[in-house]
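Which chain is which? The protein sequence lines are D and Y, in order. Just so it is clear: in the first sequence, position 58 is 57 by our numbering, and no numbers are missing. Our numbering runs 6 ahead of the 1-based position in the second sequence.
Possibly wrong hints are sitting among the right ones.
[To be verified] Reference excerpt, derived from the structure (chain Y facing chain D, CB under 8 angstroms, subset only): (1) S33; (2) G34; (3) F35; (4) F39; (5) Q42; (6) A45; (7) Y54; (8) S89; (9) A90; (10) L93.
[Said to hold, decoys possible] Computed footprint of chain Y on chain D; a stretch qualifies when at least three of its residues, placed anywhere within it, have a C-beta under 8 angstroms from a C-beta of chain Y: (11) 47–60; (12) 71–85.
Calculated directly from the structure, the hints in this document are not laboratory data. Remember, it's a predicted structure, so these values are computed and weren't measured experimentally. Note that the Cβ used here is the ideal one computed from N, Cα and C, for glycine as well.
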Amino acid sequence: EAGVAQSPRYKIIEKRQSVAFWCNPISGHATLYWYQQILGQGPKLLIQFQNNGVVDDSQLPKDRFSAERLKGVDSTLKIQPAKLEDSAVYLCASSLAPQAGELFFGEGSRLTVL
Amino acid sequence: GQNIDQPTEMTATEGAIVQINCTYQTSGFNGLFWYQQHAGEAPTFLSYNVLDGLEEKGRFSSFLSRSKGYSYLLLKELQMKDSASYLCAVRDQNGANNLFFGTGTRLTVIP
Numbered sequence: 000e001a002g003v004a005q006s007p008r009y010k011i012i013e014k015r016q017s018v019a020f021w022c023n024p025i026s027g028h029a030t031l032y033w034y035q036q037i038l039g040q041g042p043k044l045l046i047q048f049q050n051n052g053v054v055d056d057s058q059l060p061k062d063r064f065s066a067e068r069l070k071g072v073d074s075t076l077k078i079q080p081a082k083l084e085d086s087a088v089y090l091c092a093s094s095l096a097p098q099a100g101e102l103f104f105g106e107g108s109r110l111t112v113l
Numbered sequence: 007g008q009n010i011d012q013p014t015e016m017t018a019t020e021g022a023i024v025q026i027n028c029t030y031q032t033s034g035f036n037g038l039f040w041y042q043q044h045a046g047e048a049p050t051f052l053s054y055n056v057l058d059g060l061e062e063k064g065r066f067s068s069f070l071s072r073s074k075g076y077s078y079l080l081l082k083e084l085q086m087k088d089s090a091s092y093l094c095a096v097r098d099q100n101g102a103n104n105l106f107f108g109t110g111t112r113l114t115v116i117p
C-alpha cells in the first residue's frame, strides 16, 4: 500500500516570496491534515479536511496560509508571503476517519525562508 | 484547549529499560497516541490507548490513566536504533477529533 506522498521534499525561498506544497494521502483516507513542525518542537496542527470540506482551520494563519482539497483527494498548502518564522517542516497526514485510528504521515516538506 | 507535557531529553543505556512520561490536560479526551520520529523523518505510529491500563507491543508498552491525565511509554531491551524523538499526542473530541502533539522527548541510547 502506498503511503502519504508529499512534494517537494525541500524548498528554499526568500522572505515575502510564495511557496506551495502538495500532498496525496493514502487511497481511501477521507481525512487529511497539515501540520507545521518547527525544529525541536512537536507537530502543530494547521488544518483538517474531511473529504473536500474544511473541518477545522482555527490554527491556520489565514492572512498568509491557505489550503485546499478540491476533489477530496490530494491537497495543496500555500504560503504567501512567507516570513522567516515559517521555516519548518510541513507534514501531511491522513486517516480513515477523524475519530478513529492513527494518523499516517508523509515524509514532509522542509521549508527554509531566508 | 490542550496542554501536553513530556521531558525534553532522556539518555539511556543499550539493553536497559526506559520510561517516558506524558501528562495532559484536555477538555474532550478521546485517546492518547505515541509516535516515534527519527531525525529528518516522518512520525510513525507506536501505540494507542483509549482505556485505562497497559497496552503491550513487543518491546514497547504504553500505559494510560485517564483520571490522572497521565501516560507513559516503556521501551525494553533498548537498541541503538531506538534513539529518536518520542511524541505524545492526545485526540480531543472537542477539537474536531484532531491530534494535538507534545513537544517530544529526544531519547539518546548510548552503548
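Comparing the hints with the structure gives:
1. S33: 14 angstroms, violated
2. G34: Since chain D brings no Cβ nearer than about 11 angstroms to G34 of chain Y, farther than 8 angstroms, the hint is violated.
3. F35: 13 angstroms, violated
4. F39: 6 angstroms, holds
5. Q42: 11 angstroms, violated
6. A45: 10 angstroms, violated
7. Y54: Since the shortest Cβ distance to chain D is 6 angstroms, the answer is holds.
8. S89: 16 angstroms, violated
9. A90: With Cβ-Cβ at 13 angstroms, over 8 angstroms, it is violated.
10. L93: Holds, about 5 angstroms.
11. 47–60: Answer holds; 3 residues pass the 8 angstroms Cβ test.
12. 71–85: Per the Cβ count (0), the hint is violated.
Going down the numbered hints, you'll see the structure goes against 1, 2, 3, 5, 6, 8, 9 and 12, while the others check out.
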